[in-house]
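**Student:** What follows is each chain in one-letter form.
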Amino acid sequence: MPFAAGLWGALQRDLPLLFPQIILIVTATVMLWPGDMFVPKGEKRRWAYVSIFALLAAGLCVAGTPHGLGFSDMFEVDGITKGFQYLVLAAGIITILLSQLQLDAMKEQTVEYYALILFSITGMLFLVGSTDLISIYFSLELMALCIYILVAYFRTQERSIEAGVKYFLLGAFSSGILLFGISLLFAAAGGVTTNLVELNDKLALAPHSSSLLVFTGVLMVLVGFCFKVAAVPFHMWSPDAYDGAPTPITAFMSMAPKAASLAAFLRVFGTGFNGVQSDWMAPLGFVAAASMILGNIAALKQQTMKRLLAYSSIAHVGYMLLGVMSSGVPGGAQAVWLYMLTYLLMQSGAFAIVIFLQGKGEGERIEDFRGLGRTRPLLAFAMMVILLSLAGVPPLVGFFSKFFLFKLAIESGHVTLTVIALLTSAVAAYYYLAVVALMYFKEPAAETAEPRTMGAVTTWVVGLSCALVLLGTCFGAKLLSWAATIV
Amino acid sequence: MIPWYQNLPLWVTFFPLLGALLLLLVPKGQRRTFELGALAITVIDFLMSIPLWVQYDRSSAAVQWVTQMDWIPSLGVKFSIGMDGISLVLVLLTTLLGFISVWCSFTAITERHKEYYIWILVMQFSMMGVFITQDMFLFYLFWELMLVPMYFLIAIWGGPQRLYAAIKLFLYTLSGSVLMLVAILAIYFLQFKTTGHYDMSIASFQAMAATIAAQSHTFQILMALALFVGFAIKVPMFPFHTWLPDAHVEAPTAGSVILAGILLKMGTYGFVRFLLPIVPKATMELMPYFMGLALIGVIYGALVAMIQKDMKKLVAYSSVSHLGLCMLGLFAMNPNGITGGIFQMINHGISTSALFLLVGIVYERRHTRLIAEYGGLSKTMPVYATIFMIMTMSSIGLPGLNGFIGEFAILQGAFQAAPWLAVLATTGIVLGAAYMLWLFQRAMFGPISEVNAKMKDLSAREIAYFMPLVVAAFWIGLYPKPVMDVLRAPVIKLVQQVNPGFYKQEALEAGQRAAAKAGMAAMPMPGAKTEPEEGGN
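Quick mapping for you: the protein sequence lines, in order, are chains A and B. Each residue of the first sequence is one higher than the last, beginning at 0 in numbering that gives the first Met the number 0. Each residue of the second sequence is one higher than the last, beginning at 0 in numbering that gives the first Met the number 0.
A couple of the hints might just be wrong.
Stated by the list, open to error - Think about it this way: if two alpha-carbon atoms lie no more than 20 Å apart in a straight line, the pair counts; the simulated DMTMM-like pairs of lysine to aspartate or glutamate are:
#1 A:Lys477 x B:Asp69
#2 B:Lys378 x B:Glu449
#3 A:Lys165 x A:Asp239
#4 A:Lys441 x B:Glu372
#5 A:Lys300 x A:Asp239
#6 A:Lys201 x A:Asp72
#7 A:Lys43 x A:Glu140
#8 A:Lys441 x A:Asp367
#9 B:Lys455 x B:Glu372
#10 A:Lys106 x A:Glu42
#11 A:Lys300 x A:Asp367
#12 B:Lys27 x A:Glu442
#13 A:Lys477 x B:Asp198
#14 B:Lys113 x A:Glu442
#15 B:Lys27 x B:Glu110
Simulated from the structure, these hints should not be mistaken for lab results.
Kindly produce the complete structure, drawing on both the sequences and the hints.
**Tutor:** In structure tokens form, the structure reads like this:
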């Protein structure tokens, strides 16, 4: 049977590209059944170790995967794929590490939690390498569906469920828009392909009469993606979802899906819609500017740490979209990757601290940071360093990645946007500093909670992130050359 | 083998940071250790900076003691430091005020000693970094880094409105410096376009002046404005000065000393080092407006100072006035004006810091700064009154004291540029004499109240830390030549970069001697004007 033989040959050739994903899928499936039957009820924590092990193995696999294009040109492994796969996997590991404190306290350790994270990460691993609108859509949905459930994971908390439902409804809505946009483009390209490279050629050749079709399609895809990365004006779901979700999942959402969607952003707009730049450059510029301005200004008024970080992450997405717009120049993708990497570093540290302070559940108010400089000087110092780095104060690593990003943005001619970005980052300094001020300049609240120990995991995550943030810029040259070799 | 003193600026800069790390290891609560430790570190740092003064080659305008290492080669960023005469005097001012500000805090700071002295040391480190760096990237790092310790110094140990003042300082300066960053990046890319490689060194930025002058008019003006706003906020010049009185009033004494003495000089230093040499043509064009702002600053600052009821606020507004004068000198763009401007930086650093210290001393004793609360202090505190008088005289520019030298040179320069400038600036000086003398009269003479009669005169420690300032005030006032010598070569180089027309004019008039210099500046720049024309703008 020549067809079967051909299929087998293609599979043999292409399968190595997917080893990391296969490891995760197999692990997650086996964890759910039959694995979970053998683990007694109180010992579900073990799955955390298994998942971390699987993620590490997948990471090693990524390192060994050859570059290549496969599966009817639907999936490609190249520098961008690998670079963002590392980020996603690291975000997964950090999330699982940070989850322990809260899950133990809430007695909510289950196998599903870890399996969902693994599945979601699998979706992201697919997403960052997808070179076809269809495979992009599938992997986006795999990633998002798992996160909807994770957001509503604390099923006894109204907040958590509300967040999950809200996220799900809006997410489904945006998927609809995305899919509609894809179908329009499919039609505009003559109904023959959804592959990004071919699409690019076809769209360039598309007759003038279909230019409105192309424009609408591109715009709808853009809107769909902006929903996923929570860019203004499609951000409404994100503060609620961030606030309601279990805090480790909030951390996860602010790191992994963002990284993966940005990679897809780079690929879709950099490769697929490269020829029709005039259709999306201005709208994307508007979205980026609006995200920076609104994200930073709305963050000024927030009362809870999670909402503050949610709005600040909207602003950071704005900066990264600026990077996407500049990805035409050499090093553009590197800048976005580097920004994401440092953002991941800072977010993991910040969330580790929030999760630790949060302890047993309920909402984490900014007020709870009051006087932290007195009660826990080291923790407060770490938080200060991370916040200053998020604000982009030199010489911390957040400044370095911002600098590199803005440099590219100016190089590719987006001067106005860069000025907006810089000015809004001065606004951002205000709310980050407000937290620092609260930690250092206000007396601690009268009833000091019972002293809790940090736990080795939190200490390590916070310590490592703080140290890297502090010293990152010293190794700027290393970081850049590293980014150049990976991406 | 590089001789040891080759790296001296590096040591002088990083020593406070090392000291801060050392103090970090000492457990909390040992107040004495922190006080003496920080004092020892800053005094050693000061002593280490003296050889710089001795070793400095006064005949050369080149950057000396250059230390350079690759940092981020792909971006053209180097860890590169070095000093010329302008950096040198400012570094010396920093190390001098550094140990004084530590010494004056012994009784004023009553809580959280460890953090306090560590922040002061970090502050000193970052300020010196600003003055010695020869790389734009590094400069920007230090420039921003310095905000963090200052923010903490004000926000923890400041007055009742400290949080407001601290955040205002931070945000104001940050917004200015991000604009500056845009300009830096824009020039950086322009350079890449013309030369084909990335280079962040300050020298290469200065070498870009001609290329920038060939760009579109809007581009030049935007660059000049972005740099101007960034530095003007720090100085602060007239419309951007509102953060200064708040910051000064709320800051602890040492914070005010550092703020007035050194931090503000970073702004003026920025003008000298960046705005003037990098975008001379556009600066020339905008000069009337800049001059106007400087003049408004001189007169407005003096008028506002006159009506203040709070001593510290009065001194703060006098800073606005004095720095306006300093800017006036720099913008005159001739050797006299620029030398005078730099002198004014130093003099302001000496006399205003001393005045802040003096205000701090009575505040420590009485916990009020209202002038109306005092009076007749010369009876109970004669030493205090003497030092107060010396510093008042220095501040209003009495001949024989340091202030005179700077003001004289500035007026000379301003007169050369446009006589009416000098006339208007003189009114500011007259007003300055009025408010300072009036302050002195109200605080020192008149009937003495019962509370004030119990006030103690200066302790030995207080006298001791005033001495260097008094000596410096007299030294510069009576024999300014050594400082002039240090500044001469860099200033001439600067004027050649900025205003080549000036030497051309001088050469025409003076003939032989200046002909050599005119040869160096042979390329006339279209925007460069001769002095009388400029006054007409």
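**Student:** State the violated hints by number, sorted upward, taking the hints as numbered earlier in the document.
**Tutor:** Of the numbered hints given earlier, those the structure breaks are 4 and 7, listed in rising order.
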